[in-house]
Amino acid sequence: IREVDPDVAVIMLTGYADLATARAAMQLDATDYVSKPFDVDEMLQTVERGIETTDRRRARTCAAGELQRLNEELQRRLEESRRMASLGLTSAQMVHDISNPLTIVIGYLDLLNLLLERDSQGTASGEAREYLESIRSNLRHCTEVLQSWRSLGNKGALRLEPIRISELLGVIVRDARPLTGTHVIELAMDDAARQLTWVGDRVHLRRALENIVRNAVQALPPRGGRVDVRASCTKEELVITVQDNGCGIAAEDLPRVFDPFFTKGKGERGTGLGLFIARQVVEDHDGRIEIASRPGEGTTVRIFLPLNR
1 IREVDPDVAV IMLTGYADLA TARAAMQLDA TDYVSKPFDV DEMLQTVERG IETTDRRRAR
61 TCAAGELQRL NEELQRRLEE SRRMASLGLT SAQMVHDISN PLTIVIGYLD LLNLLLERDS
121 QGTASGEARE YLESIRSNLR HCTEVLQSWR SLGNKGALRL EPIRISELLG VIVRDARPLT
181 GTHVIELAMD DAARQLTWVG DRVHLRRALE NIVRNAVQAL PPRGGRVDVR ASCTKEELVI
241 TVQDNGCGIA AEDLPRVFDP FFTKGKGERG TGLGLFIARQ VVEDHDGRIE IASRPGEGTT
301 VRIFLPLNR
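6 is the number that my numbering gives to position 6 of the sequence shown; each next residue is one higher, with no gaps.
Treat the hints with care, as some may be off.
[Stated by the list, open to error] Restraint-style ranges between C-beta atoms, simulated for each label pair:
1) K36 - E186: 53 to 63 Å
2) D259 - P221: 36 to 46 Å
3) P162 - T182: 54 to 64 Å
4) V34 - A64: 25 to 35 Å
5) T197 - I11: 11 to 21 Å
6) A64 - D32: 44 to 54 Å
7) V199 - R302: 48 to 58 Å
8) Y16 - V184: 48 to 58 Å
9) Q68 - Y16: 39 to 49 Å
Read the hints as simulated data drawn from the structure, not as lab findings.
All residues carry an ideal CB built from backbone N, CA and C; glycine is no exception.
With the hints as extra help, turn the sequences into a complete structure.
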């Protein structure tokens, strides 16, 4: 059975209720072991747990396959970038953007591993499937970024499609939560923004907003940190605001925050590309981006996108 399907649950039912038989079954990777005579209700519960175990194994196998394919694609792209040194800045943007969803994937994998370690009875299968779906969603996003990164800065290359703003912001806030730890991140929208379907490049708009939200999270204080993501509509514009109560930005640094590779972060805390990418995406959509900040009082970033394009 394992040669045909390595993930399927196998339940041994036997009249030989000795310990040696049970040990042999488990050594052959049986999922469970039931002795005759058996209780019908107990058997049904055993089968249900077996089904949940199979679902989790197959979901993990699928996620592992997608990670492997993504890694192979990244390796291929890396080899291409080495032959295209003139595109060094764009390649750096791609690597920066890929790191965001991959960080989310790692966070959800850690949560999933903790969940499955304490899930001896299969009670957390629903939550586990939710984490796995988040992992698969971000892996798909990585692939989409790889396919579309070259279009940044070329308005004619944008892949325009209807975007449900409430859904897009909901995904971004949901995926940021594993990065916030004990901090708070909340989403608020007025009725017009909640019902709005806006036309733009979904992949690039998502990467711009993810960069801004991630910058806000990284700036939070050790305790009591908060990020508020808000969306509203005027007669002419969609306004998306990301506000944090973090360390803020010095006045002398504000004019340079949109410059590529400008950062005050150290190590993994900053590459200096997030706001540069965000501004390019917003301007490609005929919008504008503004930032206000004071040291010790947090930062507010506002994106203005035209409703009629």
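Structure-based check of all given hints:
1. K36 - E186: 53 to 63 Å: The hinted range 53 to 63 Å holds for K36 and E186, with Cβ atoms some 55 Å apart.
2. D259 - P221: 36 to 46 Å: violated, 26 Å
3. P162 - T182: 54 to 64 Å: violated, 37 Å
4. V34 - A64: 25 to 35 Å: holds, 30 Å
5. T197 - I11: 11 to 21 Å: Violated - the Cβ-Cβ distance for T197 and I11, about 48 Å, lies outside 11 to 21 Å.
6. A64 - D32: 44 to 54 Å: Violated, at about 24 Å.
7. V199 - R302: 48 to 58 Å: Taking Cβ atoms as reference, V199 and R302 lie about 20 Å apart, which means the hint is violated.
8. Y16 - V184: 48 to 58 Å: Hint holds: Cβ distance 56 Å, inside 48 to 58 Å.
9. Q68 - Y16: 39 to 49 Å: At 41 Å between Cβs, range holds.
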